[in-house]
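Trainee: In order, the protein sequences belong to chains H and X. My numbering numbers the first residue of the first sequence as 1 and each following residue consecutively. My numbering numbers the first residue of the second sequence as 1001 and each following residue consecutively.
Derived by calculation from the structure, the hints in this document are not laboratory data. Treat the hints loosely; a few may be bogus.
As the list claims (entries may be wrong) - List time: in silico BS3-like cross-link candidates among lysine-lysine, alpha-carbon distance up to 27 Å:
| no. | chain 1 | residue 1 | chain 2 | residue 2 |
| --- | --- | --- | --- | --- |
| 1 | X | Lys-1324 | H | Lys-78 |
| 2 | X | Lys-1275 | X | Lys-1502 |
| 3 | H | Lys-143 | H | Lys-260 |
| 4 | H | Lys-64 | X | Lys-1404 |
| 5 | X | Lys-1275 | X | Lys-1528 |
| 6 | H | Lys-64 | X | Lys-1161 |
| 7 | X | Lys-1353 | X | Lys-1302 |
On a predicted model such as this, the values are computed, not experimentally measured, just so you know.
What follows is the residue order along each chain.
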Amino acid sequence: MASVENNGNGRRRSPLSSPAVVLTFKTLGSIIITMLGLAFITFVIGRVMPIDPVLSIVGEQASKSTYDDAYAALGLDKPIIVQFFYYIWDVLHGDFGTSLLTARPVVDDLIRRFPATLELATLGTIMGVTLGVPLGVLAAVNKGSWFDQIARVVALIGYSMPIFWLGLMGLLVFYGILGWVGGPGRVDIFYADIVPSVTGMILLDSILDGNWDVFWNAMSHIILPATILGYYSLAYISRMTRSFMLEQMSAEYITTARVKGLPERTVIWGHAFKNILVQLITVIALSYANLLEGSVLTEIIFSWPGIGSYITTALLSADMNAVLGGTIVVGLVFVLLNIFSDLLYRVFDPRAK
Amino acid sequence: MKPIRNIMAGVVMGFVASMVALPVVAETPANMLVIANRIDDITTLDPAESFEFAGSDVSRNIYGKLVNFDPLDLAAGYGPDLAESWTVSEDGKTITFTMREGVKFHSGNPVRAEDAAWSLQRAVILNKTPSFILTQFGFTAENAMEMIKAEGNTVSITTDKRYATSFVLNCLTATIGGIIDKEVAMANEADGDMGNIWLKTNTAGSGAYTLVSWKPNESVTLKSNPDFYLGAPAMERVVVRHVQESSTQRLMLERGDIDVARNLNPDDVAGISGKDGIAIDNPLRGRLMYISMNQNHPVLSKPEVRQALKYLIDYEGMQNSFLKGQYVTHQNFLPATYLGAVDENPFSLNIEKAKEMLAAAGVEGLVIEAGVREAQERIEIAQSLQNTFAQAGITLNITVGTGKQILSRYRARELDIYVGAWGPDYPDPHTNAGTFAYNPDNTVEAAATGLLAWRNAWDTGGLTASVAAAVEEGDRDTRAQMYVDIQAQFRETSPFAIMFQKIEQFGHADNVKNLDLGGAITAVSYWKVTK
Chain H
1 MASVENNGNG
11 RRRSPLSSPA
21 VVLTFKTLGS
31 IIITMLGLAF
41 ITFVIGRVMP
51 IDPVLSIVGE
61 QASKSTYDDA
71 YAALGLDKPI
81 IVQFFYYIWD
91 VLHGDFGTSL
101 LTARPVVDDL
111 IRRFPATLEL
121 ATLGTIMGVT
131 LGVPLGVLAA
141 VNKGSWFDQI
151 ARVVALIGYS
161 MPIFWLGLMG
171 LLVFYGILGW
181 VGGPGRVDIF
191 YADIVPSVTG
201 MILLDSILDG
211 NWDVFWNAMS
221 HIILPATILG
231 YYSLAYISRM
241 TRSFMLEQMS
251 AEYITTARVK
261 GLPERTVIWG
271 HAFKNILVQL
281 ITVIALSYAN
291 LLEGSVLTEI
301 IFSWPGIGSY
311 ITTALLSADM
321 NAVLGGTIVV
331 GLVFVLLNIF
341 SDLLYRVFDP
351 RAK
Chain X
1001 MKPIRNIMAG
1011 VVMGFVASMV
1021 ALPVVAETPA
1031 NMLVIANRID
1041 DITTLDPAES
1051 FEFAGSDVSR
1061 NIYGKLVNFD
1071 PLDLAAGYGP
1081 DLAESWTVSE
1091 DGKTITFTMR
1101 EGVKFHSGNP
1111 VRAEDAAWSL
1121 QRAVILNKTP
1131 SFILTQFGFT
1141 AENAMEMIKA
1151 EGNTVSITTD
1161 KRYATSFVLN
1171 CLTATIGGII
1181 DKEVAMANEA
1191 DGDMGNIWLK
1201 TNTAGSGAYT
1211 LVSWKPNESV
1221 TLKSNPDFYL
1231 GAPAMERVVV
1241 RHVQESSTQR
1251 LMLERGDIDV
1261 ARNLNPDDVA
1271 GISGKDGIAI
1281 DNPLRGRLMY
1291 ISMNQNHPVL
1301 SKPEVRQALK
1311 YLIDYEGMQN
1321 SFLKGQYVTH
1331 QNFLPATYLG
1341 AVDENPFSLN
1351 IEKAKEMLAA
1361 AGVEGLVIEA
1371 GVREAQERIE
1381 IAQSLQNTFA
1391 QAGITLNITV
1401 GTGKQILSRY
1411 RARELDIYVG
1421 AWGPDYPDPH
1431 TNAGTFAYNP
1441 DNTVEAAATG
1451 LLAWRNAWDT
1461 GGLTASVAAA
1471 VEEGDRDTRA
1481 QMYVDIQAQF
1491 RETSPFAIMF
1501 QKIEQFGHAD
1511 NVKNLDLGGA
1521 ITAVSYWKVT
1531 K
């Protein structure tokens, strides 16, 4: 996380007069170094972890020769640095190795798992932003009022309620008792595998296929976990928005604007809000990236086949190819979102223009 | 974190559910069985490699074997499956199977003797985790072609010495005995792997079901085989969905989105017991809970002390409190439903009797250490022991550690008392007899760390010979009686107090009939299920 913010600040300080080409190379260079460093650290941690990956494949009852065969097959007989170079070489050729747990190429697993997380996190973030930003702005403008108090309580609950508790209660009430939403999983089993997988995101795939039955069924399944993730991100975004806004509202230019007789709406949205956009983008990007890591508990409760539970299960079983592949994808998501928010700064920050 | 989460979840769900009765709303189609289960342990579907519970569940319904168990009569033991009959040679070393005529693989290829021989040879040659089930009969990669042979319509299996026929046949009912379509597997061979990589995620069997899809950590979908030689199964589709949480499984069962919930915790079982349309079953599984006493310990090696400790265990109290619905008292090393299993449980908590025995042995102020893995139920068992031992003046210090820490000390004979669990590896009594009551060389140098008797430095008092004899006894009934006798002696003299056998409580819609989870000896069967 720290590196992400450092990168962000560093980029903002970088000379704006630099030619675009230099900037592009710099960006690419920083991506490559970050990703290599991430892969190396994860790789080394994986190798020194006190879990025996061979034992987790062959089990305790296996004979010595079975164990030795598996040990050699994993390439563990070579020095760590050699193993790492082999690994990077393969990754550069699009081969992340085979997962021990799923017996499939890690790339295939990630292609199946990541869209599920992407779909959930995107919907959650959309909810968090569309509700959280106005909530934060209104709370700041009406500081100390009953609205501010309610917004605070709403955010506090979002922060402090364990997500598994919210998930279970949500399931119990909206699925178990009221029957308004679909249960765990991405679609009912009758709708599984009906639309061809193009993006891996069922909502999008069903739209592309024009199959609205599947779309609504998938929607009824995703709505609850997305709302819970959305609530969590709403809590964070609304509090941050409120504090950014308060800072602006006490600034002299706001007083000036008011003295000039501008309507309050223009003062709030046209002046103060415009000035917090840059900070807000960072907050939203980070919150989105957090959700894209996959929320393990939400995935477990809703039987959601996302990347969070994939990496966790892999980690607990010393399935290092899967852990590395998953970590690299999550790392890449962080780096890309960071670059994306950098680009947005250039659009919204008048000084950057 | 997990236990806390489970407890909190249970409390919350129990509280709310007690106030609101959930209506059973939907229903799954009549020809479809939908099951919620934890299936994240499946790592391969290759019969030569699969050794996990959920994997065996899939395999049992896809692959036929030479001999197999009838799901509705497990107690009858193995019977003919792809082999119609078999004969045993004079010297007891060769079993010749005659293949059933007219059975086809899912591909349409006929099931031949050649496929059967190849499948077993392959399992030996590939040398994966469960291969010891076959290699214990003296098969090696070098001699597999010689020892396992197809000739016309028969397959013959020759072992390195005489073994009980029931021992060999029981082992052939294990997952590793699955008969694979050689033509299909070899068409998908890569780098001389005999189709291993392909068969990890694909299947080529002749059983009641074919694989539609296995999505790791998500679902397994099976489709019925209309040409199954025992008749097309009633359930045309079986979907097993991976649902981690007990409370989620319960909700789905109550909503009617699933027919069977296999991982319900006691709180959720209590919550749905007696509800309309839902039934609870309590089949026994193979796992045992036991404590063992290190015979290198000067006091624990006294026969009276071993006996006294068996009277200092509150079997009934534990079974009725924290183990309720999960374990039932069982004091013999063969789980119920195994050949030769007995249900005699002579020990119960008797502090006075234990005190007398300890006094007779001259034991006073004994302080011993128990090693326990960090699993909730085992820690609770250790605490119960600590309490009852204390009533007889024995101080039990509990050391809790990770599986690896505790197990390595156990294997090094360093623990006084080990609180552990044991699951049988294959459906023959020798799987447990061969570790609890068999220890041919008790010296440190022997390092037979795989044998539980060795780990506790117990020379078995002559049982080793009895176990070796039982493994060679050709007559099934005589052999069963031998295990009955071995266990009678074991109960009284061994340094093991076997305490409990696992129950797998599961909930299902009450219209689901004939679903057998496989008891202690095998895996689940779907082909007899009706709704």
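Trainee: Each hint should be assessed against the structure and marked as holding or not.
Mentor: Now the hints, each set against the structure:
no. : hint                    : in the structure
1   : X/Lys-1324 x H/Lys-78   : 50 Å, violated
2   : X/Lys-1275 x X/Lys-1502 : 25 Å, holds
3   : H/Lys-143 x H/Lys-260   : 23 Å, holds
4   : H/Lys-64 x X/Lys-1404   : 18 Å, holds
5   : X/Lys-1275 x X/Lys-1528 : 25 Å, holds
6   : H/Lys-64 x X/Lys-1161   : 23 Å, holds
7   : X/Lys-1353 x X/Lys-1302 : 16 Å, holds
The structure fails to meet hint 1 from the earlier list, while all remaining hints are met.
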